[in-house]
Amino acid sequence: MSIWEYANPVKFMQTSGWLLPWIIGATVLTLVPGLVWGFFFTPLAAEFGATVKVIYVHVPAATFAINIWVMMLVTSLIWLIRRHHVSALAAKAAAPIGMVMTLIALITGAFWGQPMWGTWWEWDPRLTSFLILFLFYLGYIALWEAIENPDTAADLTGVLCLVGSVFAVLSRYAAMFWNQGLHQGSTLSLDKEEHIADVFWQPLVLSIIGFGLLFVTLLLLRTRTEIRARRLSALEQRERMA
Amino acid sequence: MSLLSVENLTVSRGGLAVLEGVTFSLHAGRALVLRGPNGIGKTTLLRTLAGLQPPLAGSISMPGEAMAYAAHADGLKATLSVRENLRFWAAIYETDTIDHALDQMNLRGLAGRAAHSLSAGQKRRLGLARLLVTGRPIWVLDEPTVSLDAASVALFASAVRAHLATGGAALMATHIDLGLEEAEVLDIAPFKARPPEEGGHKGAFDHDFDGAFL
Amino acid sequence: MIALLMRDLRLAIRAGGGFGLGLAFFLIVVTLVPFGVGPEGAILSRIAAGILWLGALLACLLSLDRIFALDFEDGSLDLLATAPIPLEAVVTMKALAHWITTGLPLVLAAPLFAVLLHLPTPAYFWLEVSLLLGTPALSVLGTFGAALTVGLKRGGLLLSLLVLPLYVPTLIFGAELVRRGGEGMAVQVPLAMLAGITAATIALVPFASAAAIRVNLR
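Residue numbers (the working numbering), protein chains in the order written: chain V, 1 to 242; chain L, 1 to 214; chain E, 1 to 218.
No lab work stands behind these hints: they were computed from the structure. Among the clues, some could well be false.
[What the hints assert, rightly or not] FRET-style restraints, in silico, Cβ to Cβ:
no. : chain 1 : residue 1 : chain 2 : residue 2 : range
1   : L       : 64        : E       : 27        : 36 to 42 Å
2   : V       : 218       : E       : 6         : 50 to 56 Å
3   : L       : 37        : V       : 5         : 36 to 42 Å
4   : V       : 81        : L       : 64        : 24 to 30 Å
5   : L       : 23        : V       : 228       : 47 to 53 Å
[To be verified] SDA-like, lysine to any residue: derived pairs with alpha carbons at most 25 Å apart:
no. : chain 1 : residue 1 : chain 2 : residue 2
6   : V       : 53        : V       : 123
7   : L       : 123       : E       : 14
8   : L       : 202       : V       : 152
9   : E       : 153       : V       : 25
10  : L       : 202       : V       : 240
11  : L       : 123       : L       : 175
12  : V       : 11        : L       : 43
13  : L       : 123       : L       : 148
14  : V       : 11        : L       : 175
15  : L       : 202       : V       : 123
16  : V       : 53        : V       : 11
17  : E       : 153       : L       : 196
18  : E       : 153       : V       : 53
19  : L       : 123       : L       : 192
20  : L       : 192       : V       : 233
21  : L       : 202       : L       : 108
22  : L       : 202       : V       : 224
The beta carbon of each residue, even a glycine, is placed where N, CA and C say it ideally should be.
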């Protein structure tokens, strides 16, 4: 029995249908305690104030904003190489989730940054990279929406994802270089994980796991919807032909 | 000698099989006319043979670099003259002369005219003249006689005949009688693809997963 | 291949506006910027490099949707795809034709427009170098975007949305090269990155463009 069996729509629908309730349960059991713990049961760090609590949303969202793109890259490659429809539809289903995660990361970042840096937006390399990532998500989704034939759309978005990934990474390094060119050593580093205390770290890990499970839940739900839509359009097309 | 042989070919449009089990072969010096009602998949079949889209199943065998394809659209550039249009294709196919093409399709007098000033029939003749400059033995033609008058059809038929006489072959989808007595006719209606429940090609989303919908 | 390039150039000349339109657009952008930011020479001279690069980028974007659209509509793209030259060569020649008709005129005219924006004198050399190195990448990436959207009815806006994020690294390193060159700072890093990105783009992206065309013709 090979892993590719799950690439068959029928097999995928059966397996994901069976798995979904369990994953939804696990999502609730990690995300809710993680956020509640983080928001209400962590001490206030003097130098940051209460706004620091936004990290329990900000960091997981940012983590998955990037990881979802990587997942889309992998599933696009699987589609381009092995022509498994479920893989292409999973990439399509993941994109809006990734875009929302990016948006959440940007907005919560602004909420966090405002009291700390005194500005809603700073052209920090990291923030800039996320803004660019958001643009890539936008283009990717727009291309899916614009093309009628689903296989053509899957192929073209797959190619775009491939090329886009390279340029997203390039943009990240370009942004790092560009900003250093402006500021000569940024003082607004977001790398706080290194000296973060365990009291903050543990609920954060729980939140990240919760966000991950939330992503899997949404992904399975959306992929199932996409598969049903494809099945429906296949039936309609047959109807028209007959 | 068989120039082009097609075996058990299944072709698709929009991911859906339209023709299946298409089998024929085309010999040097022969012409084959495809017949069938509108929408049966003649254009799809020809595009598949031209390599523009992959077949769902089956095989196509022909010598490499042997085919010239002419679609519905002529691919003419309106602002270029007749001669420039032909020269361009001659350069792409690395053949040296366009004179025989101008003469055979009776375009000599129009050679200096810009393509946009030609009538529909003259444009079509220029489109067909493009085949002559390719120097390829197998012609695959999609509705070659659209907008041609009787005299031009006869001109085209004689060009095809000359091509066959030099060991070429032609495959065309057309509704009108070209007066080519050596042409065979292949009715492709019997190759219409069956729906998947009757044993036809099954796409990834034709599998029944009603149970999984619950 | 040369025949294809010559044909495209001839078409651009005959259609009129092939060379001029991008330049005119570039000029308008450069003219409008001082109206937006004020006429002080000090401010203009500081942002000149960025404006010139942005103007070049937008002027380049303007003509992208015509790269394949006309050939798609009149059927030549089908015929080119079945012709004996590989599709990768076709898209490369298309990109080259686009660069010659839009990128090259921009490179040549940029110093004139730079005068309007008070670009610091030492930056002129680097402006030319950066545009010469960077604009080919803009054309090649634009060809990729045009290949993705070739079959679409209203592909123009989508094309910009797809292509502009891909332009980010080139824009950053290009403008940075001019800025640093103008201030007499070290230019090796942006110079190497800009040249590297362009070289890699020219070498690799045509394969993606050709793949996209094949999918769109299916």
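**Asked** Can you give the numbers of the hints that this structure goes against, from lowest to highest?
**Response** 1, 5, 9, 12, 14, 15, 16, 17, 18, 19 and 21
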